Amino acid sequence: MKKFVKFLAALAVVGLVVIGLIIFLPVSRTAPQTNVAGDYTTTNGHGEYAMRMGDCMACHTADGGKPFAGGRPIESPFGTIWSTNITPDPEHGIGNYSLDDFRASLYDGIEPDGTRLYPAMPYENYRKLSEEDIRAMYDYFMHDVEPVNEAPPKTDLGFPFNQRWGIRVWNWLALSDAGHEDLYDDTVLNRGAYLVDSLGHCAACHSPRSTIFAQAGKNAEDDRYLAGGVIAGWPAPSLHGPQSAPAKWSHDDLAAYLWTGRNSHSAVAGEMTQVVGDSLQYATDEDMNAIVTYLRHINGRGEDKTTLDASSSNEPTETEKLLASADPSMPLGARLYLDNCNACHFVNGKGAPEVFPSLDGNALVVADTAGGLLDVMLHGARMPSTEKRPARLAMPGFGDRLSDEEAAELATFVRQGWSNDANAVSAEDVAAARSKSSGTHH
Amino acid sequence: MARKEKKRDVVIVGLGWTGSILGMELCNEGLDVLALERGGDRDTVPDFQYPAIADELKYGVRYGFMQKPRNSTVTVRRSESETALPYRHLGSFLPGDGVGGAGMHWNGHTFRPMAEEFQLKSYVEQNFGKDLISDEMAIQDWGISYQELEPYFDRFEKVAGIAGQAGNLKGEIREGGNPFEAPRSNDYPMPPLPQTVDSNKFADAARKMGYHPYPRPSGVASKAYTNPYGMQLGPCNFCGFCERFGCYQYSKSSPQTCILDALKRKENFEYRTNAEVLKIELAADGKTAKGVTYMDANGEEVYQPADMVILAAYQLHNVHLMLLSGIGQAYNPATGDGVIGKNYAYQTNGGTALFFKDIDFNPFVGNGSNGHVIDDFAINRIDFGAEGFIGGSYISSGTFNGQPIRSMRLPGGTPKWGAGWKSAIKEWYGHSMAIGSHGSNMSYHTNHLDLDPTYKDKYGRPLMRMTFNWKSNDIRMTQFMKSKIEPLAESMNPDIMQSSFKKEGAMYDVRPYQTTHNVGGAIMGSDPKSSALNKFLQTWDVHNVFVMGANAFPQNIQYNPTGTVGALAYWAVEAIRKDYLPNPRPLV
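Protein chains in written order, with the numbering used here: chain A, 396 to 837; chain B, 247 to 834.
Everything labelled a hint here was simulated from the structure, so no lab data went into it.
On a predicted model such as this, the values are computed, not experimentally measured, just so you know.
For each residue, glycine too, the CB sits at the ideal point set by N, CA and C.
A hint or two may mislead.
Here are some chain A residues pointing at chain B (derived, C-beta under 8 Å) [claimed, not checked]:
hint	residue
1	Gly440
2	Tyr444
3	Val625
4	Ala627
5	Gly628
6	Ala738
7	Phe751
8	His774
9	Gly775
10	Arg784
Calculated pairs, DSBU-like style, for lysine-lysine (alpha carbon to alpha carbon, straight line, at most 35 Å) [what the hints assert, rightly or not]:
hint	chain 1	residue 1	chain 2	residue 2
11	A	Lys716	B	Lys447
12	A	Lys783	B	Lys510
13	B	Lys603	B	Lys510
14	A	Lys783	B	Lys512
15	A	Lys461	B	Lys730
16	A	Lys783	B	Lys252
17	B	Lys749	B	Lys603
18	A	Lys783	B	Lys253
19	B	Lys416	B	Lys672
20	B	Lys252	A	Lys745
21	A	Lys783	B	Lys749
22	B	Lys304	A	Lys831
23	B	Lys749	A	Lys643
Over 12 Å on every C-beta distance to chain A, these chain B residues come out as not near it, computed from the model [what the hints assert, rightly or not]:
hint	residue
24	Ala298
25	Ala300
26	Pro315
27	Asp433
28	Ala470
29	Tyr475
30	Ser497
31	Leu506
32	Asn520
33	Ala530
34	Asp542
35	Gly666
36	Thr692
37	Ser729
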């Protein structure tokens with residue numbers, strides 16, 4: 396017994412020492428990954444463009460808040476994380492950051508005082524940034540952003556997630572090497588991969604999470620890379636695999652989706668609305684071509700710029716025949732579709748190009764996670780305004796017209812109509828989606 | 247003491263079609279533009295969203311999107327001998343208010359006038375002699391030709407996304423279009439929509455009589471469409487909630503669907519709603535405007551200085567503001583002096599209803615611009631000398647809606663309520679169609695607008711007074727249309743047929759809805775003695791005030807006005823951009 400107590404005490408001591416080491420072992424910050432000449436100055440507009448491609452604004456600006464003053468709630472499985480003020484305000488923002496401090500936050504997720512950032516800040520991806528982009532962004536935030544002397548709400552997760560020192564262990568396990576490696580013998584593909592992996596941080600949502608909640612799959616050689624994820628109950632569809640949009644859509648359709656939030660098949664909803672509205676719409680022709688070429692390349696699509704669409708037959712489907720029959724005895728789901736959805740999405744479920752998204756084959760509709768579909772049905776959705784497509788086309792919410800049971804019947808109908816083949820939705824799923832506050836519509 | 251706001255390059259009064267067009271084009275020019283809209287803000291979602299918008303009682307009967315007479319109205323009389331009384335309940339015409347103006351609750355008919363209509367007076371004099379124009383008539387040429395305006399019709403049709411079929415493409419006559427239209431430089435940007443049963447039945451009958459039916463040019467989209475501003479329309483589903491409603495489907499051309507989201511992105515554009523302009527403020531010498539005074543949402547008076555003022559409110563309000571602000575000399579019908587308020591005109595319509603026991607028209611399938619049209623009795627097809635009138639009509643048939651309160655066409659003599667009414671509804675709902683004539687209305691010295699001597703609005707400003715009555719020239723014209731429509735209707739063998747055309751002696755009645763095509767009052771022309779605006783819609787007297795809208799029409803065209811209003815706006819703003827801004831001055 397005494398021995399056991401001794402053993403426990405020893406274990407505790409070892410534990411404390413380990414924890415002490417984790418906490419107090421000197422932090423080494425990742426060094427610049429490229430040698431940049433001493434007199435290097437960023438070109439005009441580079442910093443703002445890198446900020447746009449990095450989409451700093453989406454998280455660091457609250458709805459109706461001042462740009463980059465933080466305060467947007469980010470729902471994580473561990474609780475709400477509030478984004479920080481990254482304006483050059485010395486008190487509440489990053490006004491006192493040196494370039495090295497700034498780089499450490501992007502590469503290592505560390506604030507100047509050693510505080511660990513939660514990985515809601517995608518430093519897993521930002522650590523692949525080039526030194527040129529980091530310097531340009533630093534320059535932009537220090538000189539072109541208005542300082543805002545406001546403190547956003549403090550993130551206050553429950554135990555053990557409030558013990559931020561633990562993130563260091565996670566970092567040791569989760570982080571790959573800093574810098575981005577060119578894997579292709581092609582400048583366009585390398586640029587595309589760089590944008591997708593670093594600034595674009597696509598994997599933050601679109602890659603599944605490993606057992607330790609790290610982004611699974613480092614690059615396209617791994618099937619898990621960009622193979623789809625779930626964010627706050629919303630599906631982030633796969634960008635990698637035979638059923639993914641980059642595998643099926645034409646080059647121009649994929650570009651249109653990323654630039655304008657809409658194309659001949661689908662339209663953005665949820666978080667992707669902001670990604671397009673705050674970030675991707677600003678991509679240059681060259682960069683959009685690189686992103687699209689890369690995403691299609693990793694799905695085996697090359698020069699051929701067409702659409703591969705299994706549901707493109709003109710033969711009316713059974714679903715279409717049922718709806719067009721207007722038979723009063725049709726099942727409830729179909730009848731609810733006629734009453735609520737058919738006006739815009741039509742009996743063939745195809746909608747109209749760039750205006751009404753197709754429901755047939757739509758990734759959000761047939762996702763394993765029905766949360767996104769239910770959110771749109773209940774609360775509506777609005778496309779972002781972009782330079783190329785300024786119209787903020789909106790679908791109203793139907794939550795006040797549909798009971799949980801009705802919404803479940805309707806969701807099941809669209810998930811299984813036409814060529815769709817997804818599992819049924821229950822009234823409990825709807826109740827859960829209904830009770831969730833929807834923070835993504837603006 | 248009015249609050250004073252920061253000076254702007256341009257202030258636009260009213261944010262409907264023309265305000266949106268001018269806002270867009272002047273912002274593209276780099277100007278700092280502020281639009282003041284007297285009504286509230288409106289967007290497709292939530293204001294027109296499905297299914298709440300499909301409420302006939304709220305919007306169709308109770309005029310949810312129209313101006314409220316308690317806030318804004320006119321007084322009306324038929325002649326100098328009557329005392330004008332306020333138009334306290336909307337009936338004959340329905341001006342809108344709020345963002346989008348009447349451009350959000352229209353039906354979408356988007357025609358171009360015939361070339362002859364722009365030179366109507368000269369055309370009549372040259373072809374039929376001066377004597378045909380009676381002394382009471384005040385018709386004038388517009389001071390602009392169809393050829394000059396053609397590129398701007400084309401521009402407006404592309405922005406508004408008009409569906410139709412060209413009949414005269416660069417002089418080449420096209421099968422299925424209107425062979426009597428003036429040459430177009432381009433086809434419509436969208437193909438025509440499919441047609442309903444009545445429309446096709448009418449077209450077949452018209453063809454058999456040797457007429458030339460064509461699909462009505464439509465501000466209702468036949469497919470997904472992206473306009474030159476990147477704005478988008480979705481294909482119409484024929485729900486039949488167009489006129490008096492906003493479109494939930496993004497199908498109807500409107501400032502909302504075609505311009506506003508693109509305009510709102512511009513950093514040099516701002517708009518304020520519930521901001522009612524009371525007066526345009528003139529400089530001491532009266533030769534320029536220095537801004538406007540408006541009442542804001544909190545009832546505070548605001549002085550808004552600006553280098554340039556664009557009047558883009560509804561026709562009646564533009565004229566009213568000019569009268570209140572002393573821009574141009576008010577028209578005096580006794581002496582013929584003055585120009586503001588002269589040549590007010592309206593529209594001369596009639597129709598024949600046809601009832602068929604055995605045909606089910608499914609009237610709930612329709613859209614505001616559905617229908618076939620013939621121009622065989624339009625202005626350039628009629629020998630005015632032989633027929634003894636000036637004017638013309640287009641004749642059309644189509645189903646706009648089958649709404650249960652207002653679209654229950656019943657045979658004459660049916661009781662208005664009770665069991666007889668119910669059984670007639672049961673028997674006849676969905677079993678009728680109509681052939682309508684939509685015709686010109688000439689201007690007359692006695693039909694005019696001025697300030698009412700008695701009635702004032704809630705701000706203490708005199709209401710505008712409308713003096714208007716039907717005149718025998720236009721009644722002869724509409725009776726001529728009856729003589730053409732009835733044989734056409736008879737050829738279709740209806741079980742019952744009943745006509746409604748104005749007869750000699752008809753008096754203007756403000757109660758039944760007729761049309762919101764009020765025109766004139768501040769007309770364009772080539773002579774400052776007989777017109778309020780020059781050919782660029784610039785006021786003759788105050789060169790930094792331009793006035794958009796149908797107030798510029800010297801008499802009414804036979805078609806719906808919006809196409810012409812849109813084209814004139816693009817024409818005027820081109821002159822402002824290229825000629826006025828580099829050197830602000832009277833352009834003529």
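Evaluated hints:
1. Gly440: With a minimum Cβ separation of about 17 Å from chain B (threshold 8 Å), the hint on Gly440/A is violated.
2. Tyr444: violated (18 Å)
3. Val625: Hint on Val625/A: violated, closest Cβ of chain B at ~27 Å, above 8 Å.
4. Ala627: Constraint on Ala627/A not satisfied, violated at 23 Å.
5. Gly628: Given a least distance of 23 Å, the restraint on Gly628/A is violated.
6. Ala738: holds (5 Å)
7. Phe751: Check passed: Cβ of Phe751/A comes within 6 Å of chain B, closer than 8 Å.
8. His774: violated (12 Å)
9. Gly775: holds (7 Å)
10. Arg784: Nearest chain B Cβ about 5 Å off; hint holds.
11. Lys716/A / Lys447/B: Distance of about 28 Å is within 35 Å: holds.
12. Lys783/A / Lys510/B: holds (14 Å)
13. Lys603/B / Lys510/B: violated (52 Å)
14. Lys783/A / Lys512/B: holds (13 Å)
15. Lys461/A / Lys730/B: This hinted pair is violated, its Cα atoms lying about 67 Å apart.
16. Lys783/A / Lys252/B: Since the Cα atoms of Lys783/A and Lys252/B sit roughly 32 Å apart, the hinted pair holds (cutoff 35 Å).
17. Lys749/B / Lys603/B: The hint holds at about 29 Å.
18. Lys783/A / Lys253/B: holds (31 Å)
19. Lys416/B / Lys672/B: With Cα atoms ~50 Å apart, Lys416/B and Lys672/B exceed 35 Å; violated.
20. Lys252/B / Lys745/A: violated (49 Å)
21. Lys783/A / Lys749/B: violated (54 Å)
22. Lys304/B / Lys831/A: The given pair, whose Cα atoms are some 33 Å apart, holds under the 35 Å limit.
23. Lys749/B / Lys643/A: Judged against 35 Å, a Cα distance of about 66 Å means the pair is violated.
24. Ala298: violated (8 Å)
25. Ala300: violated (10 Å)
26. Pro315: holds (31 Å)
27. Asp433: Fine: 20 Å to the nearest Cβ keeps Asp433/B off the interface.
28. Ala470: violated (4 Å)
29. Tyr475: At roughly 7 Å from the nearest Cβ of chain A, Tyr475/B sits no farther out than 12 Å, so the non-interface label is violated.
30. Ser497: The claim is violated: Ser497/B sits with its nearest Cβ about 9 Å from chain A, within 12 Å.
31. Leu506: violated (9 Å)
32. Asn520: For Asn520/B, whose nearest Cβ neighbour in chain A is about 21 Å away, the distance exceeds 12 Å, so it holds.
33. Ala530: Holds, since 42 Å exceeds 12 Å.
34. Asp542: Correct as stated: the minimum Cβ-Cβ distance to chain A is 22 Å, above 12 Å.
35. Gly666: Since the minimum Cβ distance to chain A is about 31 Å, Gly666/B lies beyond 12 Å and the statement holds.
36. Thr692: holds (47 Å)
37. Ser729: holds (42 Å)
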